[in-house]
Amino acid sequence: MTIRKRPLVFLAAATIALLIACPSPAGTDSAFEPLFPIELKHDFPQAQKTFQEAKKLILDNYYTAGISEDALYWAAVQGMLRYISPPKNPDLAKIWTAEQYEHILESLTGVQVSLGFQSTFNPREGSLDVEEVSPGSPAADILQPLDRILRINKTPLKGKSVAEVKALLAGDEGDQVELTVNRDIKIFNVTLTHEKVEAENVKATPLDNSVALLEIKRFSAGLSDKLAQELGALEEQGITRLIIDMRDNPGGVFMQALACAELFLPEKSVVLRTLKRDTQKANYISNNKNPFNFECIILVNHRTASSAEILAASLRDNGRAVIVGTRTYGKGVFEKTFTLENGCRLKFITGAMYSPGMQSWQGRGLAPDFLVEQDEKTLAALRKLPPVQRMKKDVALITAHKLLLR
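Counted the way mature numbering (1 follows the signal peptide of the UniProt record, and there is no 0) counts, the sequence shown spans residues -26 to -1, 1 to 380.
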């Protein structure tokens, strides 16, 4: 099997001119305009003193004496983070305790303590609807797609919020969870044990002699290595065309998206352009002397975001892919996470991203080359079918296949 993996070269704007002209991402040398509305300056006389005064008034006069000074400091930091974030994307700036951040890291590594199934919460019915069960996981051979979980540890889900349901399911390795399951007309109880499960974030399936479906669910740590292995195996099978399905892909590790794009892009190709602090421009450049040469169609929808948008924009602007589906989510900024002295983690936006062709997708998403609309329920139902059966019903997949063969 041929595995091709090359290091990505990062070049700051000061040195990039030696390799490629680097105009301003906004297409001009004028002052940088924010990508979302925010009041960068706000007059607040005696700000520090006034903050302390407001805090004391709350502590002394709030209707319950239970509120603590620490809680107000925590709320103040959360308020600052919300203030500097896009109105539609407040989660781009967050603060976590050390314990909370450990769970975030688990999801990014692709190996996490879980029960091994994916589901959607239906608050109206008070049920957790199973969509997918991971092979080899605690839920394998016990749960099935379309199962409805009605209770967790005997607690009914009716009237619960998404956060409350997540808390009921959460647990450390070895912890057990009892689920009350509705399947067809039967209701029964099962017990699952939390285990470390490696997420299957990339999967390749040949559809015919020349076309393969490549599903990328999330950009977890090490994904580019696994992708290179899958691409090498497909190449050995004689596959020359790919349908890269990134519908519902929420993103993930920034550098993994760049490394995945580099697998397809020849040396000196611009993978991504970035801008920090108004003037700090940088380009990420491919250093791959032996890229894969598949003809590619990328499937996207309104939940394709962040790192998934990086890969789609990079391949399209370099003439390596055509995009089919609906307009993507529109997260064209990146964040950095800082470690505070008390162990908490603080994350906020530190830069803006632009495609190789100098386009921003922040707040507007990437427009597809071929518009194909499908509702979420239809897509979720189709994902339960084997890829070969999906080829008969998935309109986006059918369209992509026809485009590759025309």
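It should be emphasised that the hints constitute simulated quantities derived from the structure, not laboratory data. Don't take every hint at face value.
Across the chosen pairs, the derived CB separations fall in these ranges [unchecked claim]:
1) Gln211 <-> Ala355: 44 to 50 angstroms
2) Lys242 <-> Gln118: 33 to 39 angstroms
3) Ile161 <-> Ala21: 43 to 49 angstroms
4) Thr165 <-> Glu210: 25 to 31 angstroms
5) Lys62 <-> Asp17: 22 to 28 angstroms
List time: in silico SDA-like cross-link candidates among lysine to any residue, alpha-carbon distance up to 25 angstroms [what the hints assert, rightly or not]:
6) Lys358 <-> Lys242
7) Lys263 <-> Lys321
8) Lys68 <-> Gly317
9) Lys200 <-> Leu359
10) Lys177 <-> Gln26
11) Lys263 <-> Arg319
12) Lys351 <-> Thr154
13) Lys255 <-> Gln26
14) Lys200 <-> Asn261
15) Lys242 <-> Glu209
16) Lys160 <-> Glu209
17) Lys358 <-> Gln348
18) Lys177 <-> Gln211
19) Lys62 <-> Arg319
20) Lys255 <-> Gly206
21) Lys321 <-> Asp65
22) Lys29 <-> Phe10
23) Lys160 <-> Leu120
24) Lys250 <-> Asn264
25) Lys160 <-> Asn127
26) Lys358 <-> Arg338
27) Lys376 <-> Arg277
28) Lys376 <-> Phe344
29) Lys255 <-> Lys321
30) Lys310 <-> Phe344
31) Lys310 <-> Arg56
32) Lys68 <-> Gln26
Quick reminder that beta carbons are idealized off the backbone N, C-alpha and C, glycines included.
Outcome of the hint check:
Distance hint check for Gln211 and Ala355: the Cβ-Cβ separation is about 29 angstroms, which falls outside the suggested range of 44 to 50 angstroms. In this structure the supplied range 33 to 39 angstroms is violated for Lys242 paired with Gln118, their Cβ-Cβ distance being about 49 angstroms. Under the hint 43 to 49 angstroms, the C-beta atoms of Ile161 and Ala21, about 59 angstroms apart, miss the expected range. A C-beta distance of roughly 43 angstroms is found between Thr165 and Glu210, which places it outside the suggested range of 25 to 31 angstroms.
Between Lys62 and Asp17, the C-beta spacing of about 26 angstroms keeps the proposed range 22 to 28 angstroms intact. Pair hint Lys358 plus Lys242 does not hold up; C-alpha atoms about 40 angstroms apart against a cutoff of 25 angstroms. For the hint pairing Lys263 with Lys321, the CA-to-CA distance comes to about 35 angstroms; that exceeds 25 angstroms, so the pair is violated. At most 25 angstroms may separate the alpha-carbon atoms for a hinted pair to count; Lys68 and Gly317 meet this at roughly 14 angstroms.
Straight-line distance between C-alpha atoms of Lys200 and Leu359 comes to about 24 angstroms, which keeps the hinted pair within the 25 angstroms bound. Distance check on the hinted pair: Lys177 and Gln26 sit about 54 angstroms apart at the alpha-carbon level, beyond 25 angstroms; violated. About 38 angstroms separates the Cα atoms of Lys263 and Arg319, which puts this hinted pair outside 25 angstroms; it is violated. For the hint pairing Lys351 with Thr154, the CA-to-CA distance comes to about 23 angstroms; that is within 25 angstroms, so the pair holds.
With a CA separation close to 39 angstroms, the supplied pair Lys255 and Gln26 exceeds the 25 angstroms bound. The suggested pairing of Lys200 with Asn261 holds, with an alpha-carbon distance near 19 angstroms, which does not exceed 25 angstroms. For the proposed pair Lys242 and Glu209, the alpha carbon gap of about 23 angstroms is at most 25 angstroms, so the pair holds. Distance hint between Lys160 and Glu209 is unfulfilled; the C-alpha atoms sit about 46 angstroms from each other, more than 25 angstroms.
Distance check on the hinted pair: Lys358 and Gln348 sit about 15 angstroms apart at the alpha-carbon level, within 25 angstroms; holds. Under the criterion of a C-alpha separation no larger than 25 angstroms, the hint pairing Lys177 with Gln211 is consistent with the structure, at around 15 angstroms. Taking the CA atoms of Lys62 and Arg319, the gap is about 22 angstroms. The hint holds against a cut of 25 angstroms. With a CA separation close to 34 angstroms, the supplied pair Lys255 and Gly206 exceeds the 25 angstroms bound.
For the hint pairing Lys321 with Asp65, the CA-to-CA distance comes to about 9 angstroms; that is within 25 angstroms, so the pair holds. This hinted pair does not check out: Lys29 and Phe10 have alpha carbons roughly 30 angstroms apart, beyond 25 angstroms. Using a Cα cut-off of 25 angstroms, the hinted pair Lys160 and Leu120 holds, with the two alpha carbons roughly 13 angstroms apart. Only pairs whose Cα atoms come within 25 angstroms are accepted, and Lys250 paired with Asn264 is rejected, the gap being roughly 31 angstroms.
For the suggested pair Lys160 and Asn127, the alpha carbons sit about 18 angstroms apart, so the restraint of at most 25 angstroms is met. Of the pairs offered as hints, the one joining Lys358 and Arg338 is violated, with about 30 angstroms between alpha carbons and a cut-off of 25 angstroms exceeded. Among the hinted pairs, Lys376 with Arg277 is consistent with the structure: their alpha-carbon atoms are about 24 angstroms apart, no more than 25 angstroms. As the CA atoms of Lys376 and Phe344 are separated by approximately 12 angstroms, the hinted pair is consistent with the 25 angstroms bound.
Among the hinted pairs, Lys255 with Lys321 is consistent with the structure: their alpha-carbon atoms are about 21 angstroms apart, no more than 25 angstroms. Note on Lys310 and Phe344: the hinted pairing is violated, with a Cα-Cα distance of about 34 angstroms set against a maximum of 25 angstroms. Of the supplied pair hints, the one linking Lys310 and Arg56 holds, its CA atoms being roughly 15 angstroms apart against a limit of 25 angstroms. With a C-alpha separation of about 23 angstroms, the suggested pairing of Lys68 with Gln26 holds against the 25 angstroms cut-off.
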